[in-house]
Amino acid sequence: MLKYTIRRLIFTVPVLLFISLVIFLLLDLAPSDPTGNLPMTVPPEVREQIRLALGLGEPMYWRYLMWCNQFFIIEPLNIIEQAWGFCWGDCENRTRVMSWATRSPVVDLIIERTPQTLWVVGMSYVVGIIIAIPIGVISAYRQYSWFDQTGTFIAMVGFSVPTFFTGVLLIVIFSTLIPTDSIFWLPSIYDTTHKVTDWDSFIFQIRQILMPVFVLALYNAAQISRFMRASMLDNLSLDYVRTARAKGMKERVVLLVHVLRNSLIPVVTVLALNIPHVFGGAIITEQVFKVNGLGALLILGIEGADIPLVQTLTFIFAILIVLFNLIADVLYGILDPRIRYD
Amino acid sequence: MKIKSLVLGTAAAFSVASMAIADRGSDGHVNIIYWQAPSILNPYLSGGTKDVESSSMIIEPLARYNQDGELTPWLVNEIPTVANGGVSADLMSITWKLTPGIKWSDGSALTAHDVVFTGQYCMDPAGGCAQSNKLADVSNIEALDDLTVKVSFSVTKPFPYGPFVGAEQPIIQKAQFADCMGAKAPECTAENFGPIGTGPFVVTDFKANDVISMEANPHYRDASKPAFASVTFKGGGDAAAAARSVLETGEFDYAWNLQIDPTILSQMAEGGKGEVISSFGTAVERLMVNLSNPDPALGDKRSTLEGGPHPFLTDAAVRRALSVAIDRNLLAEVGYGAAGKATCNVVPGPAMYVSTANDECLVQDIAKANNILEAAGWKRGSDGVREKDGVRLSILYQTSTNAVRQDTQALVKQWWSEIGVETELKNISASVFFGGDQSSPDTYQKHFSDIEMYTNLFSGTDPEAYMGSWVCSEMPMPSNNWMGNNMPRYCNPAYDAMAAELATTAAIEDRARIVMAMNDMLMQEGAMIPLIHRGRVSAHSNKLGGVVQNTWDSELWNVADWYRN
Numbered sequence: 001m002l003k004y005t006i007r008r009l010i011f012t013v014p015v016l017l018f019i020s021l022v023i024f025l026l027l028d029l030a031p032s033d034p035t036g037n038l039p040m041t042v043p044p045e046v047r048e049q050i051r052l053a054l055g056l057g058e059p060m061y062w063r064y065l066m067w068c069n070q071f072f073i074i075e076p077l078n079i080i081e082q083a084w085g086f087c088w089g090d091c092e093n094r095t096r097v098m099s100w101a102t103r104s105p106v107v108d109l110i111i112e113r114t115p116q117t118l119w120v121v122g123m124s125y126v127v128g129i130i131i132a133i134p135i136g137v138i139s140a141y142r143q144y145s146w147f148d149q150t151g152t153f154i155a156m157v158g159f160s161v162p163t164f165f166t167g168v169l170l171i172v173i174f175s176t177l178i179p180t181d182s183i184f185w186l187p188s189i190y191d192t193t194h195k196v197t198d199w200d201s202f203i204f205q206i207r208q209i210l211m212p213v214f215v216l217a218l219y220n221a222a223q224i225s226r227f228m229r230a231s232m233l234d235n236l237s238l239d240y241v242r243t244a245r246a247k248g249m250k251e252r253v254v255l256l257v258h259v260l261r262n263s264l265i266p267v268v269t270v271l272a273l274n275i276p277h278v279f280g281g282a283i284i285t286e287q288v289f290k291v292n293g294l295g296a297l298l299i300l301g302i303e304g305a306d307i308p309l310v311q312t313l314t315f316i317f318a319i320l321i322v323l324f325n326l327i328a329d330v331l332y333g334i335l336d337p338r339i340r341y342d
Numbered sequence: 343m344k345i346k347s348l349v350l351g352t353a354a355a356f357s358v359a360s361m362a363i364a365d366r367g368s369d370g371h372v373n374i375i376y377w378q379a380p381s382i383l384n385p386y387l388s389g390g391t392k393d394v395e396s397s398s399m400i401i402e403p404l405a406r407y408n409q410d411g412e413l414t415p416w417l418v419n420e421i422p423t424v425a426n427g428g429v430s431a432d433l434m435s436i437t438w439k440l441t442p443g444i445k446w447s448d449g450s451a452l453t454a455h456d457v458v459f460t461g462q463y464c465m466d467p468a469g470g471c472a473q474s475n476k477l478a479d480v481s482n483i484e485a486l487d488d489l490t491v492k493v494s495f496s497v498t499k500p501f502p503y504g505p506f507v508g509a510e511q512p513i514i515q516k517a518q519f520a521d522c523m524g525a526k527a528p529e530c531t532a533e534n535f536g537p538i539g540t541g542p543f544v545v546t547d548f549k550a551n552d553v554i555s556m557e558a559n560p561h562y563r564d565a566s567k568p569a570f571a572s573v574t575f576k577g578g579g580d581a582a583a584a585a586r587s588v589l590e591t592g593e594f595d596y597a598w599n600l601q602i603d604p605t606i607l608s609q610m611a612e613g614g615k616g617e618v619i620s621s622f623g624t625a626v627e628r629l630m631v632n633l634s635n636p637d638p639a640l641g642d643k644r645s646t647l648e649g650g651p652h653p654f655l656t657d658a659a660v661r662r663a664l665s666v667a668i669d670r671n672l673l674a675e676v677g678y679g680a681a682g683k684a685t686c687n688v689v690p691g692p693a694m695y696v697s698t699a700n701d702e703c704l705v706q707d708i709a710k711a712n713n714i715l716e717a718a719g720w721k722r723g724s725d726g727v728r729e730k731d732g733v734r735l736s737i738l739y740q741t742s743t744n745a746v747r748q749d750t751q752a753l754v755k756q757w758w759s760e761i762g763v764e765t766e767l768k769n770i771s772a773s774v775f776f777g778g779d780q781s782s783p784d785t786y787q788k789h790f791s792d793i794e795m796y797t798n799l800f801s802g803t804d805p806e807a808y809m810g811s812w813v814c815s816e817m818p819m820p821s822n823n824w825m826g827n828n829m830p831r832y833c834n835p836a837y838d839a840m841a842a843e844l845a846t847t848a849a850i851e852d853r854a855r856i857v858m859a860m861n862d863m864l865m866q867e868g869a870m871i872p873l874i875h876r877g878r879v880s881a882h883s884n885k886l887g888g889v890v891q892n893t894w895d896s897e898l899w900n901v902a903d904w905y906r907n
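Protein sequences, first through last, are from chains X and D.
With this note's numbering applied, the first sequence corresponds to residues 1 to 342, in that order.
With this note's numbering applied, the second sequence corresponds to residues 343 to 907, in that order.
In short, the hints are calculated from the structure, not lab data.
Please read all numbers here as calculations on a predicted model, not as lab measurements.
Beta carbons: idealized from backbone N, C-alpha and C, even for Gly.
One or more hints might be untrue.
Computed beta-carbon distance windows for the label pairs [as the list claims (entries may be wrong)]:
(1) 195/X with 419/D: 41 to 47 Å
(2) 319/X with 608/D: 47 to 53 Å
(3) 26/X with 743/D: 18 to 24 Å
(4) 320/X with 525/D: 31 to 37 Å
(5) 532/D with 115/X: 18 to 24 Å
(6) 419/D with 181/X: 44 to 50 Å
(7) 693/D with 72/X: 57 to 63 Å
(8) 22/X with 414/D: 50 to 56 Å
(9) 181/X with 448/D: 36 to 42 Å
Dumping the calculated DSS-like pairs for lysine-lysine here, alpha-carbon to alpha-carbon at most 30 Å [claimed, not checked]:
(10) 195/X with 643/D
(11) 615/D with 683/D
(12) 643/D with 755/D
(13) 721/D with 755/D
(14) 643/D with 526/D
(15) 195/X with 885/D
My request is simple: use the sequences and hints to build the entire structure.
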């Protein structure tokens, strides 16, 4: 298992390098211009100067190598230096990956926005899982009962109604119709400057993430509960379940120990593979509630043709996806002792 | 009614008066939302409206335009003119005298050296300054003493109020930005995110593309202002959500640029929590006619002078018919509501520059348009499309992707079909269309279409540079890397002569006369077909007072005077 993991890890290096090249080419060859969104009063000569100042005058391969240097060498160095507070060589004058729109280091922007994304999207994922697993189990155990039917209906609604609809619907109900002084009133705009320091500020944080988390959790729960139900149904009809019952085990033990554990194997894989999406943010929901997390950052970058930002962000997503694929494979082996990769 | 308004007016006057003696910061906190989030607080490195306007609360120019487009002294005591000796008689230099006693938010004094530095900062060619065109003909900027700065020009400048005037040209502090010149400019993240200014507010926290936290500047020149102790300047989301947060949920006090469906906006305003305000500047949504031939068969000569004239748009009758067939009032009503009105001029303001010679187009007249084409020899073919000598009136009409623009396209296409003109519609993502990518065939400079639509405007109140866009030498073509503003490829020596005359005329009445004549020439020769005079629509909560909408400068130009109702 260890050998397999190491082999896979080594193989990710060329894969990631290739991905970074593809991302770079896709972005660079696309007809998009960082000065395209400037007001029309800025004349073309000035735009050309801005483009040159951004380094667009350099040849393409040079810009790619620059980015590789900045991303693979300077940024890790910078993180290490900041963590231990020392300076190695010419640390003052190293150019980090700079966003074109904000003229600030991309990695700092990402770090600044990660908390709200994790609060909202991460929380919605956790809430989604907590709701989905019991629903999936009960739905499968009592297949075609009213509970199963209701669960199926809600899952269908959660999966098919887009978040930009549910989000705005919730805002209309909880932010507009309910008076602002009521305890049921919820803010429609996420305050990213809010810091949790005591009980009251924690309550405020809960209130402001309630609506976006609910919207996303509904969607996640719909998906996961269906996986859970299908997987449970597959296992419930297998021979070992009959054996367990024949041995006189309690129904509780049969269901929650034998069937559930085996049914979780494919579900855990799905969950692990979906974790990178948490970091990718929920672009639409973030936009609706002005969470301004990583998803919103990516969209802004794409609209403003901020190539270093988009390049770095998508590449970090690529790393996460490759990594969590590996984790899912390893988890599979751990959960099911019959699977061995060596 | 009269008594009521009198009472209200007196009450308002009293509340303003009481504000004047109130203490700085006595009105607590104010929330502003811009649905486009500011990315940087240094307008010299960005030029985006959101960045210019957010920074205008912190850093200030020497003079601003007020809500009527008049120059207003800001960091100086008076506007230099030839009459008061501030502008030299040969129109080659302007001398500004700073108001004594103005302090930066760190407590140090504002001096002429800061102004000189600001000019040098933007003129450094390695810095990629977004406002360098404002300093175009500046030959020298010098500090005559600590409070006097002289700007000299290399050519005569009848309108010398380009440098350091308006929200795009604020003064930055020399001490803070001294190490950020040229190629170093983009690396000064801390400076660009938190400039030290003379304005009413100071940045306490800046999260790029998200939110700015500010508090009152303790060294602001008026001891009783600003009334607000702190500001949250949130960005992100969309225009509808921003409108909702002011007009419906009341979470925010001011929302900027609410370009949304006019009926939705008025529905929101009916809630009574806030007020929609609009004002009109110089922005005009127009159709740019292509007078050169965009035929793809021409290859590299496409849409250039060498490619030859357009097969039918060079016929003035066709251009006039296209214009007369459009119902501009309906377009304004459908797409813009309070934010648009019909116009027949490319210079829609300030009032002294506005011509009335072209008002024929304000009223749609399909029959007249048909008659014009008929008289010019364009006969309807079997499919209803007019043609002459084998040339069909078939138009490719392009614009950027935007819901309102696509509605406009559809309506115009319908009207043109009624006069026997066939129209093919195309829309292009804004970052491509307005982007200058040489490799893309879809930029508005290349104009590989018969007609394209977009909005253009001039900043400030002087249209000289704007009118200069349509001289022959401004034509975009391969030899100048498609840079230039003359999208119609309009070339008329008489027009160029007027542009040259404008550049040497100082008296404001004469300038207005020339601008009007130039505008009329462009309109009557049909180089472009103006559609909508676009205003800016914003909203403020009923609890926020002192807002004066201004399209000539930053909307937040008088934020120091805002107060809590």
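Outcome of the hint check:
1. 195/X with 419/D: 41 to 47 Å: Hint holds: Cβ distance 44 Å, inside 41 to 47 Å.
2. 319/X with 608/D: 47 to 53 Å: holds (49 Å)
3. 26/X with 743/D: 18 to 24 Å: Check passed, 20 Å falls within 18 to 24 Å.
4. 320/X with 525/D: 31 to 37 Å: Since the Cβ atoms of residue 320/X and residue 525/D sit about 34 Å apart, the hinted range of 31 to 37 Å holds.
5. 532/D with 115/X: 18 to 24 Å: Since the Cβ atoms of residue 532/D and residue 115/X sit about 21 Å apart, the hinted range of 18 to 24 Å holds.
6. 419/D with 181/X: 44 to 50 Å: Check passed, 48 Å falls within 44 to 50 Å.
7. 693/D with 72/X: 57 to 63 Å: holds (60 Å)
8. 22/X with 414/D: 50 to 56 Å: holds (54 Å)
9. 181/X with 448/D: 36 to 42 Å: holds (41 Å)
10. 195/X with 643/D: The hint is violated at about 60 Å.
11. 615/D with 683/D: Holds: residue 615/D and residue 683/D sit about 26 Å apart, inside 30 Å.
12. 643/D with 755/D: holds (28 Å)
13. 721/D with 755/D: holds (19 Å)
14. 643/D with 526/D: violated (41 Å)
15. 195/X with 885/D: At roughly 27 Å apart (the allowed maximum being 30 Å), residue 885/D and residue 195/X satisfy the hint.
This entry does not satisfy hints 10, 14, going by the numbered hints stated previously.
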